[in-house]
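Visitor: If you want the building blocks of each chain, they are given just below.
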Amino acid sequence: MRQLAMVIDLNKCIGCQTCTLACKSQWTDRGGREFMYWNHVETEPGKGYPRDWKNAGGGWEGEQLRPGRLPRLHEDYGYPAEFNYEEALFEPTEKPLRPIQEMQWGPNWEEDQGAGEFPNSYFFYLPRLCNHCTKPACLAACPRQAIYKREEDGIVLIDQDRCRGYRYCVAACPYKKIYFNPTTGMSEKCIFCYPRVERGTPPACAYQCVGRARHVSYLDDREGPVHRLVNEWKVALPLLPQHGTQPNVYYVPPLSPPAFDADGRPGDKPRLPENYLEELFGPGVHDALATLEAEIERKGRGEASEVLDILIAYRHGDMFRLDRGGQQGGQGDA
Amino acid sequence: MLPAAFAQDLPPDAQALQDAGRLSVAGPGAPPLAVDDPRWDAAAAARLSLHPQIAITPGSEPVPARTAELRAISDGQSIALRVQWQDPSPDHSDGGRTDHFADAVSVQFAHPEGDGVLPYIGMGEPGRPVTVWYWQAGRGAEHLMAHGFGSLEKTAGTAPEHDARHDGEGWTVVLRGPLADAPLPVALAVWDGAANQRNGDKRLSAWHLVHVPGAPVERERYGALLAQQKVDGDPDQGRRLFTAHGCIGCHRVPGGADVAVGPDLRLAGAHHWPGYLRRMIEDPSAFIVPGKGYGIPGADGTLQSLMPRQALDAEEIEHIIAWLAGLGEKGGVGK
Chain A
1 MRQLAMVIDL NKCIGCQTCT LACKSQWTDR GGREFMYWNH VETEPGKGYP RDWKNAGGGW
61 EGEQLRPGRL PRLHEDYGYP AEFNYEEALF EPTEKPLRPI QEMQWGPNWE EDQGAGEFPN
121 SYFFYLPRLC NHCTKPACLA ACPRQAIYKR EEDGIVLIDQ DRCRGYRYCV AACPYKKIYF
181 NPTTGMSEKC IFCYPRVERG TPPACAYQCV GRARHVSYLD DREGPVHRLV NEWKVALPLL
241 PQHGTQPNVY YVPPLSPPAF DADGRPGDKP RLPENYLEEL FGPGVHDALA TLEAEIERKG
301 RGEASEVLDI LIAYRHGDMF RLDRGGQQGG QGDA
Chain B
1001 MLPAAFAQDL PPDAQALQDA GRLSVAGPGA PPLAVDDPRW DAAAAARLSL HPQIAITPGS
1061 EPVPARTAEL RAISDGQSIA LRVQWQDPSP DHSDGGRTDH FADAVSVQFA HPEGDGVLPY
1121 IGMGEPGRPV TVWYWQAGRG AEHLMAHGFG SLEKTAGTAP EHDARHDGEG WTVVLRGPLA
1181 DAPLPVALAV WDGAANQRNG DKRLSAWHLV HVPGAPVERE RYGALLAQQK VDGDPDQGRR
1241 LFTAHGCIGC HRVPGGADVA VGPDLRLAGA HHWPGYLRRM IEDPSAFIVP GKGYGIPGAD
1301 GTLQSLMPRQ ALDAEEIEHI IAWLAGLGEK GGVGK
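So the protein sequences, as listed, match chains A and B.
Under my numbering, the letters of the first sequence match residues 1 to 334, in that order.
Under my numbering, the letters of the second sequence match residues 1001 to 1335, in that order.
Think of the hints as simulated: they come from the structure by calculation, not from any bench.
Be a bit skeptical, because a hint or two may be false.
What the hints assert, rightly or not - With a straight-line cut-off of 27 Å between C-alpha atoms, the simulated DSSO-like cross-links for lysine-lysine are:
(1) B:K1230 <-> A:K149
(2) B:K1230 <-> A:K135
(3) A:K47 <-> A:K12
(4) A:K299 <-> B:K1154
Said to hold, decoys possible - Computed Cβ-Cβ distance ranges for the label pairs, DEER-style:
(5) A:P67 <-> B:E1153: 42 to 48 Å
(6) A:K95 <-> B:E1153: 51 to 57 Å
(7) A:E102 <-> B:G1095: 17 to 23 Å
(8) A:P241 <-> B:G1293: 46 to 52 Å
(9) A:L97 <-> B:G1095: 22 to 28 Å
Fair warning: this is a prediction, and the values are worked out from it, not measured in the lab.
By construction, the Cβ of each residue, glycine as well, lies at the ideal position given by its N, Cα and C atoms.
Start from the sequences, fold in the hints, and give me the full structure.
Guide: So, in structure tokens, the structure goes:
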């Protein structure tokens, strides 16, 4: 099986949600999907979306599926608010345009909140989508074989003709990236834009990223950016690998400036606590950060750095290699 | 009252060995759709025991059975089935929640053609398909087909018409569609949304026959059905043989250890006809519940049951069946 994979450089993500909107306008703007964000960007540290997903169970414990719970529509996902358009725009009133019911939660609810005390407060943006895992817990949890992983690119899909809305997959996904559509009664998720991929066009979230933060290529394509970042340079790591699903979205971990010491001077510890980053990205995060720092320094001295050149992405088209049997992808240039 | 057309085929003491073993008779006439149509009062009610599905995961624990009342009215062309069961909290799939499950009922139909053998109660078997009318509160009815666990799919068949009402204590649901077979083997299942029930986590009955007056009955088929409900053994001897032959090492039974190598048999009699139990003991590989690790590939690549054929003679098999058929409380047919 081949695996198409993505690398997201967290040092380049500016939290603009262009990826989120590219996805939403393409796939989830109607039909019971209004609350769904197959791709979204959340602020770390935080409860995320759906709320508290990191503590909602799922994933593997050895060869056993770990139990998980189902997120609630209003409390955990948050539902798009209705606004008082009629009143505010067409009636003689001074009332401003506001949501009719006060919202309690939603995607991006805690934007830029982060953690830590000034001057050592910190946060970073974490874009999330289905990880198209090599060992998908969702697939294993479905009693109807409604979920399958494609031989040609490893994309994990839910067959809408077979799904009966049991939601074992939603509980089993440790990333809570499967959404039950209460209108259709079936579960849905990111499809890695397979209709685009089949034409050699990258997924919309990656292609529209204004920060050039997302690379897409096959893991076994030695010329591709993903292979080079993940396997050769080892600067891109899976999220929460301890869940055992072997995710195929990889993250270049965030660097941070030094924390200030008690005298208000930059100290020798990074602002983002390393043990916290290790919880998110596994033990490989220390070497990855060290490599990045060393390569940035090298580049700063005016020397060549292959890995930084890949991450800088001078040419937009170089970030994507989706050629399937000679077909060239990534039409975008400069 | 059994129709004279085949009453002669029944022994005079044709006692039901379990709730599903006895015929109920559909009322005559144009099948009504409304749950409160007065004609339902005149139709005979079969009270079927619904036990939790505990044999195969995902299931639940054995809890006291609930009763569903089944009434049927048919004109020989189409049939209306009215199911009533207790469920004080009505749970609809209302589009407003992602963590909530809806109440549902299904009527499963067997089509015992050829040898007249009824399929496995849990969604049928390869080669012995079942059709299912499935109704879910808030979502309506579907026409489905299955030939084993995990194989349920929507079919070209027309969805049954439906009407439903919740009266504060429980549901009354009418499903109406074409009549396929007579006597009609049906099995009921209900799901309680409040208990997050879906999939195999449900309560279900055994096969139950509904006779439709005026609909032709094949004598051989009726004979085959009769043979499947017949059992002629001594339960006490059966219990001893079940232990002596090591069955108890793999199947959970009342008073036995918590084992799950094979299906849990604590409610065997409430869900299976004696004929099914006989078939499985005589030839364990005749049907293997798929996807649960009960089968291992044999030399020729076909799945073989983990369960070996036992050195049991016909009489001993009957004793074991007599014991298993008594596990689980029964329902009955009444007015």
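Visitor: Check each numbered hint against the structure and report the violated ones by number, ascending.
Guide: 1, 2, 4, 5, 8
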